[in-house]
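**Q** Okay, here's what each chain looks like letter by letter:
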Amino acid sequence: MSEIRTLIVDDSSVMRKIVERSLRQAGLDSMVVYEASSGTEGLDLLKAKQVDLILSDINMPSMDGLEFLRQLRAQNLAPGVPVVMITTESSEEHVKQAILAGAQGYIRKPFTAEQVKERVLPLLQPA
Amino acid sequence: MLLNGVRKAAIATAREGGVKEMEPVMPVSLRESLQLVSDPKNLDETVEEVFKMMLGLDCRRDAGPVDLEAESVTAVVGFGGLLSGACLFKSGSSTAIKIAAAMTGMEFAEVDDTVKDGIGEMGNMLAGAWKGKVPNLAANCGLSIPAVITGRDYNLHVQAPEFKLVHAYRFDGGSFEVTIICDGLQ
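Order-wise, the sequence lines are chains A and B. In terms of the numbering used here, the first sequence opens at residue 95 and continues consecutively. In terms of the numbering used here, the second sequence opens at residue 59 and continues consecutively.
Simulated from the structure, these hints should not be mistaken for laboratory data. No residue lacks a Cβ here, since even glycine has one placed at the ideal position from N, Cα and C. Accuracy of the hints is not assured; some may be wrong.
[Unchecked claim] Under 8 Å between C-beta atoms, here's a sample of chain A residues computed to sit facing chain B: (1) K111; (2) E183; (3) S185; (4) P204.
Turn these sequences into a full structure, and let the hints guide you.
**A** Written as structure tokens, this is what we have:
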């Protein structure tokens with residue numbers, strides 16, 4: 095799989111790097127990566143760039159990942175683009191909230207590259 | 059150093075984030091499951107799991123003491139909700155640099171912002187994975203954004219905690235300490 099444009103939203107630059115590395119290990123080796131350190135920055139970036147995949151942390155200062163996702167849907171930015179939430183929160187209730195907010199996938203930290211592959215690649219297959 | 063700041067942040071997270079918007083459930087209490095919450099095995103499993111999955115490193119509980127260095131790095135992540143307290147990750151600077159290098163694949167000469175970010179994220183993952191071991195805790199306890207402290211000769215003080223776990227761990231690259239402090243349990 096190539097030329098996938100991916101937006102990674104996380105306030106931690108280290109986590110953005112780990113997520114990018116995991117995606118490349120999962121087979122998206124030649125993807126283009128855009129990074130945002132907050133939900134607000136992510137929304138601004140999506141007004142200027144088209145992407146094929148969005149991965150976002152949930153627990154972030156100022157605008158958290160769930161609010162980012164709600165705003166994304168409310169503003170109709172990146173329609174049809176799969177969003178995968180990545181978080182340390184592990185309860186079923188948190189998963190449910192993410193799905194209700196419009197996420198297609200959910201990855202719990204800590205994670206392996208194999209788990210990223212299992213959760214993300216099926217979302218990129220043509221319908 | 060007091061925990062009030064991170065604890066308030068975690069309580070705010072629990073109220074403003076997921077916990078507030080969840081469907082009403084029967085009142086839950088952790089006090090009856092104190093033994094489960096404070097089980098030392100949960101912490102050991104958490105640390106081993108996070109190191110293996112995120113760093114690809116084997117890490118084991120150690121009798122300690124942790125390798126002493128003049129400069130140390132500590133990540134603090136507050137808990138709020140049914141349990142209030144904090145998770146602390148503390149290591150010497152050189153160990154923190156090795157951990158950040160393993161996380162990112164980069165090399166670091168000193169504890170810069172990326173190393174601090176990595177150690178903060180390590181604290182966040184440990185706190186999240188630890189509370190995830192107890193279902194009631196996972197759903198009813200929020201986490202604060204990590205705070206990272208660097209420097210020399212600083213101490214953490216908590217008045218009369220409900221329980222406190224202080225474990226040392228070692229991996230091929232150094233040793234570190236993880237502390238779970240609970241100063242309030244509902």
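**Q** Checked against the structure, which of the hints given earlier come out wrong?
**A** Hints that this structure does not satisfy do not exist here, as all of them hold.
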